[in-house]
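Colleague: Residue-level listing of the chains:
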Amino acid sequence: MKILVCLSNVPDTTTKIKFSEGSSSIDTTGIQWVINPWDELSLTRALELKDDPANGIKSVTVAHVGPVSSEPTIRKALAIGADDAVRINAESPDAYYVAAQLAEVIKKEQFDIILCGIESSDYNGSMVGGMISEFLEIPSISAVSGIKIESGNPVITREIDGGKEIVTVPVPFVAIVQKGISKEPRIAAMRGIMLARTKPVKVFEPVTVEPLTQIVVFEKPAPRSACRYVDAENPAQLIDLLQNEAKVI
Amino acid sequence: MSVLVYTENWDGKFKKISFELVSYASEVAKMLNTTVTALSIGKIDETELKKLGNYGSQKIISVFNDLVETLDNQVYTNIISEVSIREKASVIIISNNNTGKALAPRLSVRLKAGVGSCVSKLPLNINPFTVYKKTYSGNAFAHLVIKSDVRIITLAQNSFNLIETENNAVIEKADVTVNSSFVKTKVTDVKKQTGKILLTDADIVVSGGRGMKSPDNWTHLVELAEALGAATACSRPVSDEGWRPHEEHTGQTGKIIAPNLYIAVGISGATQHLAGVSGSKYIVAINSDKDAPIFEAAQYGIVGDALKVLPKLVSAVKEMKK
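Going down the list, the protein sequences come from chains L and E. Residue 247 in the working numbering is what sits at position 247 of the first sequence, and the numbering runs on without skipping anything. Residue 509 in the working numbering is what sits at position 260 of the second sequence, and the numbering runs on without skipping anything.
Hint data in this document are derived by calculation from the structure and do not stem from the laboratory. It should be emphasised that the depicted structure is a prediction, and the values quoted were computed from it without experimental measurement. Hints are not guaranteed to be accurate.
What the hints assert, rightly or not - Computed beta-carbon distance windows for the label pairs:
id, chain 1, residue 1, chain 2, residue 2, range
1, E, A423, L, Y229, 49 to 59 Å
2, L, K220, E, L281, 25 to 35 Å
3, L, E109, E, E545, 39 to 49 Å
4, L, R191, E, I375, 52 to 62 Å
5, L, N153, E, E568, 55 to 65 Å
6, E, E413, L, E109, 36 to 46 Å
7, E, P377, L, R224, 23 to 33 Å
8, L, P211, E, D489, 35 to 45 Å
9, E, A423, L, D112, 43 to 53 Å
10, E, T437, L, V203, 48 to 58 Å
11, E, E475, L, T208, 34 to 44 Å
12, L, I193, E, L411, 52 to 62 Å
13, E, D489, L, N153, 22 to 32 Å
14, E, E421, L, T208, 19 to 29 Å
For each residue, glycine too, the CB sits at the ideal point set by N, CA and C.
Bound conformation, chain E alone (with noise of 0.2 Å):
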């Protein structure tokens, strides 16, 4: 028996959810009274999959090879699910990020293994197997039972802090026969923005609503982002307007996050939008409206004009870092 972590990387390092997915999986592995072992498809050196062994991985296994180097969720469905027969893994967890989104529902077909997404909380019980689950975009929480014997879990990104342990893993380069027939998705081209904080990696995120009145006025937003080191982000009615692009736009329909560190500035805070946000450890409402529902979401709160209060942030900001 064992507990499978399969740890994504992104151009050969692995990043901050990584290690939050390998040290959840070390925990879940002392309650089965099991060993976790660590999944990593894709080209990456010896160096950064021995990271994965400080969190409490014992084994790594490492994958690659030609046909791996586009998401084909069908050929990583197989990779992942040959290695967890391999390994006799009972619990294999995953991100629910997009990747974990499109690989978890195929390996519990494959597998038939029940799944738990977008799990917060460290199983509850593991007789019957229960895991804590986000419902109703926040506004609830489920126990769910997984009754097969094989669990997947995605795990809600930072939900689990990291734990470091004595590092004595094992690096196993496998070998998986992927059959080139199955290859069907192309990738005709790419476009990818570089050298920004992006929104679900960021530790904190400034974001913009109607309250900013003009699309001109996030130069001080964006500059209290910079001056945090936080992404930028912003409401629904914002991207529509075409304001801001629409891979800013965080809520329901948007992108679901959860930083630190939340501050809305000028965002009423209707259901829709804390769908999105209501994971952020912090929210901090800047509002000129005392009654708008975001303060009730918040703990710290301005009440007060944005563009007012914005350049004497970025000031305060300034001076705290010197």
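The shape of chain L in the complex, shown without the other chains (with noise of 0.2 Å):
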């Protein structure tokens, strides 16, 4: 089985967000990009099960849409253990036109597993992963928080409103993951630093999409009011500011 894992590259979270002028887009002066989040656990997970020969996973490759800039992500990908990677070479205007452009990759490639982030932590949309699986006519599995190879079939745990779970399903899929797919995500060792530099890297013009949103400003969040202290002796006084002012119990 081949698995494919789509990655975003986001701003670091702990990033002081800035908006250019107008407010159009953020500005990308000094923001250290990193991958997505739950791409890089999805990424994780994916090597942990070829790690197992038993679960017969012949290759796994990573998919990325961004410029030529965007490459050291996926030198990064390919640093913790991918083995290939394509790069569509386009802006993301918008989740539609970045899965047009992942499925049009998928049906010329053929992979078994296509593995998606629930969302990135930029724009929030949680959206990639159910529409490639939509524009390829496949099964797609949302809130995934464990995937596992079983004498060849993939059985994944999906989480439901208070509990979990188990599902199978028929490849080819996509698995939209999130917590607890895996714990800790896979850091590269010099070793496949050094070979990241050799393995190949795809890349292929995008496909005419027309984008279906547009952002057109960003705004702040309104500032929080500042913190009201009660006294740490007298909790009490905290109780009646949450019935009486806040009115929340």
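Build the complex: two chains, separate frames, hints provided.
Modeller: Now the structure itself:
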């Protein structure tokens, strides 16, 4: 079986978000770009599955939609352990556009398990994985917190309200993964970093797709009112404020 | 033209979020000068369905057959898209919960409809159709124009108040043919906790961090949660250490919640944690470090040792409930 992990690169979570003039885009100066946390966990899980020969995973490929400046993200994924990579040479105007590009690549290259993170920490869209599956008319399982292979068949844990379901589905399918899929992201070792330089990265030009949405302006959240302190010796006052001022209890 | 709202049910019952969605849909329908149709999929009785009318749904469509008992994203997408075409929906509204996140993207491709996800306000404009959505894990909000003729909105939980209206809803049982070869998802086992308040449903959440010092100290935190009718949560280090189950982890890579009241006990408030709770209406911080970033996000704070403050809070709540 072949696994594809879709990667998005996002500003490091601790980045202070600033906007460009007119606030129609973010100011990218000084931003530290990282692999989207959920995609990094998906990649880790894919590599863990490949580590056990009994699982019969032939290869782990990563795919990313981005201009040449996003190559460091791809090299990082290769250094962590992916076998090869695909980059679609385009900016990503919206989720629909990105999913359409990835679906095109999947049609060409044929994968059995396609892993996507539940959301990117920048646009918080939670859309790309589901959209890919619909473009390809294949099953999608979302809220996936576990995936293993049993006698050649993928067995998936899906989170539901207040619990979990164990689900099976025939390949090919898209799994949209979240918390639990893997514990700690795998880190690139020196040997991996050396190897990554020579691993193949295929570059495809994008197909023509009209984006369906456009961000016109960003704004900062309304500032929260300053914290009101209650004496640690008298917590009853807090309960009184919550009951009579905030009216939430 | 109409506004279609998909109202999920849980074992034949709606929840507050179902009514939030219908209230929101009615206000969107008013902006577009049209009416609301609610769609329910699965086994549910008429009394329950009728409740959607209290929040402004004029028509309630109920679809039930053997094939919808398991959530198969392809099957559900088929039903919703077919009903939306029948109803000539120009806006489709779904919750931004797990189900909404599973279905909205598939519907988007099927109907060539742009999605505004994690929307927390009424549309800012109807021409061009502009929604207000969360980005950068709550550190910024975007005005997003949806250019397609059909638009999909996934509504952030607890972001819209219930609005009751006169109920004149008509219930319609609809048949939607589902090709059984479509059903590919097989559920082989289910594990469900019962009797506990679900974190994602809770109006009040009491959450503990490393400042709790040891898993043994959770007794008072649980007691406070019980006294308030709250769910319990924790920060990432706590779930990583195995002090609490990972289902309780709230934060960027854990559960993202938006209760009315979030009480953070011994949680410093790193950006990653705040990303999961910044949608809360009120945040209370209890921490011994007066410089902890959680106090910047909080409206009420107590600087003090969590383990000493908690028992006093429990008695104060019990006193209040008397």
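Colleague: Each hint should be assessed against the structure and marked as holding or not.
Modeller: Evaluation of the provided hints:
no., hint, verdict
1, E:A423 x L:Y229: 49 to 59 Å, "56 Å, holds"
2, L:K220 x E:L281: 25 to 35 Å, "29 Å, holds"
3, L:E109 x E:E545: 39 to 49 Å, "47 Å, holds"
4, L:R191 x E:I375: 52 to 62 Å, "57 Å, holds"
5, L:N153 x E:E568: 55 to 65 Å, "57 Å, holds"
6, E:E413 x L:E109: 36 to 46 Å, "53 Å, violated"
7, E:P377 x L:R224: 23 to 33 Å, "31 Å, holds"
8, L:P211 x E:D489: 35 to 45 Å, "38 Å, holds"
9, E:A423 x L:D112: 43 to 53 Å, "36 Å, violated"
10, E:T437 x L:V203: 48 to 58 Å, "41 Å, violated"
11, E:E475 x L:T208: 34 to 44 Å, "58 Å, violated"
12, L:I193 x E:L411: 52 to 62 Å, "55 Å, holds"
13, E:D489 x L:N153: 22 to 32 Å, "31 Å, holds"
14, E:E421 x L:T208: 19 to 29 Å, "41 Å, violated"
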